[in-house]
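Residue strings, one per chain:
There are 2 protein chains.
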Amino acid sequence: MVFKVGLLGLGTVGTGTAKILLDAARRHPLLETLEIHKVGVRSLDKPRAVDLPEACLTTDLEAIVTDPDIDIVVEVIGGLEPARSLILEAIEDGKHVVTANKAVISRYGNEIAEAAKKAGVYVLYEAAVGGGIPVIQPLQQALGVNRIETVTGIINGTTNYILTRMESEGGDFAPILDDAQKLGYAEADPTADVDGLDAADKIAILASIAFGGKIRREDVFTEGIRNVSASDVNYAKTLGFVIKLLAIAKRNDDSDTTIQLRVHPTLVPLNHPLASVNDVNNAVLVEGDPIGRVMLYGPGAGEGPTASAIVSDVMAIAATLHMESPAEEKLPNPLLSNAYSDYKTISPMEDLESRFYLRLMVKDKPGVIGHLGDIFGQHGLSLESLVQIGLQDNLAELVIVTHEVKEGDFQKALEILKASSADVDSIASVLRVLG
Amino acid sequence: MVFKVGLLGLGTVGTGTAKILLDAARRHPLLETLEIHKVGVRSLDKPRAVDLPEACLTTDLEAIVTDPDIDIVVEVIGGLEPARSLILEAIEDGKHVVTANKAVISRYGNEIAEAAKKAGVYVLYEAAVGGGIPVIQPLQQALGVNRIETVTGIINGTTNYILTRMESEGGDFAPILDDAQKLGYAEADPTADVDGLDAADKIAILASIAFGGKIRREDVFTEGIRNVSASDVNYAKTLGFVIKLLAIAKRNDDSDTTIQLRVHPTLVPLNHPLASVNDVNNAVLVEGDPIGRVMLYGPGAGEGPTASAIVSDVMAIAATLHMESPAEEKLPNPLLSNAYSDYKTISPMEDLESRFYLRLMVKDKPGVIGHLGDIFGQHGLSLESLVQIGLQDNLAELVIVTHEVKEGDFQKALEILKASSADVDSIASVLRVLG
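Just so you know, the sequences run in chain order R and W. In the working numbering, each residue's number is its place in the first sequence (first place is 1) plus 906. In the working numbering, each residue's number is its place in the second sequence (first place is 1) plus 906.
So that you can see chain R by itself, here it is in the shape it has in the complex:
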């Protein structure tokens, strides 16, 4: 039995995907049953890094998603449209779909899953999160027998690269971003990465699978790394932390239906497994009962890794098709389905318990620390450490790490600090601490 693949897009990831499919030797034997039938490209004249028969190539993407010979459509053009419409058309036409498109899946995943369920086809997207690292398959399969408690990820390579360099060089955000752009580690428009939007797309997808429910993409609290300064990276190091952009999905202890869902720069203790995930690498830490802590680590982007994830999804579908009876009534593979019925409620940030890192400039005069202590105390905020870093122009720089406190209470205390102009000159930075 041979299954025919229609590939939408022949950019970096599309090229990587074609390379694997065209060269099956010494890979899983199932790959021999897969054949590239059509490849949709923008222009037929462009030179290609992969050797495909000319008859394969077409600029007519619609023709691919409705080609009766094609069993599985692979969407790697990216962006919201026409990707979303092509995916839906392919589904309607009875084709299985594999995509790397986190933007589409995090926003239209529910619509797509429902269409797929109705059409009796599979839509898989391992490549949408963590590049080549097997994340979605393990969450849904091997780890799925656990009661998942937390999924914590470093799932954006660009920001992790920038933060790693800030840490190793002691440099500031802006010049390192500049350099990352020159080196190709950050895009010309870095917004989606540095403002945390890409990580938010991905954690929305992971949360949906980990907790078995629909997620509204707009519910993800998102804070990027633009305001992380060299000083904070340095003070964090002194206190035994490294700053990482974490994406966190967490089941609330007391509830089956509400979860926490957020992306923000975070102080991670140096002995935590995520602390040593550096450069463009990604990692996803899954905590569950009874497994404890498992971490999946690897390259979060790039031609080869992303193509590996895509082809693994194509293979999972092929394996299922291979087993399918020719009977009328096909029973779906329950490990490949991801249509959920209910939405998860996302807890408001102010209800979350967190530790905080706070750097502020205070007046260098007697009684200031006592006054700050009073404000913290009134808001139920206890300090884990308080370090006076230095004195300049009659101002003292204080770095504080709190114990766990409700975010709402912390923010109220912060408002009062900001208004205490007799004691407090300015709040230099506020970051959350993993813990």
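There could be a bad hint or two in this list.
[As the list claims (entries may be wrong)] Calculated lysine to any residue pairs in the SDA-like style (CA-CA distance at most 25 Å, straight line): (1) K925/R with D1162/W; (2) K1156/R with G917/W; (3) K1269/W with S1332/W; (4) K1023/W with L1227/R; (5) K1023/R with R932/W; (6) K1143/W with L1176/W; (7) K1120/W with N1184/R; (8) K925/R with D1195/W; (9) K1023/R with V908/W; (10) K925/W with R1053/R; (11) K1156/W with A931/R; (12) K1023/W with R932/R.
No lab work stands behind these hints, which were simulated from the structure alone.
With chain R held as given, fit chain W onto it using these hints.
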């Protein structure tokens, strides 16, 4: 559709398995289709940590593997016999089998896989390697589309615990082993762990899956950690390494059928992902084309993690049974089969290229270093670093790290060094360095 499970053994792992199966809420919905039908125990009177109907329990293990109501047999009694025979009987009786038994699978895996193929049943053993970490499923599925080059694992928790403590405390092997035994991290008879036999079982299993061939368990070169001294751990640290017991399976560059397969204490560079895998944690690093490097990390043993892996296998089988047509001719799930046709040839150790760490005591007199250099040079052995650590009793302690060299050539040079009594007092230790 409900599938009935027969559980052989109700020790730690059996208890953990039963706990998950009896409490399916907030886990994968497929678990609701699984039911514990019988549990085989040694004695009916023992108090149990899990609440099972009395009628479930039996001391008659044979009756379980031949019970016509049972679909899936889970073997967690451990040891070679009667585990092997019970597994084979269950297969012959048409039952699917899930086992955590690395000793049986590494020795009798071929016999078992062939019996399973003949009987048209699945035998899965995710729990045999890396406890709860999904290793075998990803290797066979998501990562299987890659051309796997290397699988490198820290896959024995006891030795990793001991080496981690030696490193953090600067202590010697024997007293820390003693303490580990008292704390329950090492068994009363620690041979299987500290001599590398358990890791050898596991890497034989991983190599078979990663490279798609049969492995003879006795082909695994195995060296344990008994001879790793506090001094070596300390010198390694000074040179930027940490000592880990690595299990390595590697495809030879120039061959499709020969691989390297070995377990030995190894100096791992501090910036390598495996270097920060500490305590009883396990990790498996997979390198392949085009994915690059992926690492799977987590708890390598224990009730919860191992039970998680077992139940994930049971669920994989249930998912496949769920899809199966009632037709006469069942098509097997190609992602769950692991019967290989050919044996892999294991390269002899002397042909392997490796870097070496060598600690030796030499006479403190002019010309010694030059003479050693001559011996090394004659065997094609070039030095990456040579450190003179100290002087005592007219002897100088030298620590040498070589560049890559054929093991056979290194061993020849070593023989000559040992015989050079005018210059060399003794060879204190020889360890391999991850390259």
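Against the structure, the hints:
1. K925/R with D1162/W: holds, 20 Å
2. K1156/R with G917/W: Violated, at roughly 32 Å.
3. K1269/W with S1332/W: The given pair, whose Cα atoms are some 10 Å apart, holds under the 25 Å limit.
4. K1023/W with L1227/R: holds, 20 Å
5. K1023/R with R932/W: holds, 22 Å
6. K1143/W with L1176/W: Holds, at about 8 Å.
7. K1120/W with N1184/R: violated, 37 Å
8. K925/R with D1195/W: Roughly 11 Å separates the two Cα atoms, so the pair holds.
9. K1023/R with V908/W: Between K1023/R and V908/W the Cα gap is close to 23 Å, so the pair holds against 25 Å.
10. K925/W with R1053/R: Within the cut-off at roughly 12 Å; holds.
11. K1156/W with A931/R: holds, 17 Å
12. K1023/W with R932/R: This hinted pair holds, its Cα atoms lying about 22 Å apart.
Taken one by one, the earlier hints fail for this structure at numbers 2 and 7, listed in ascending order.
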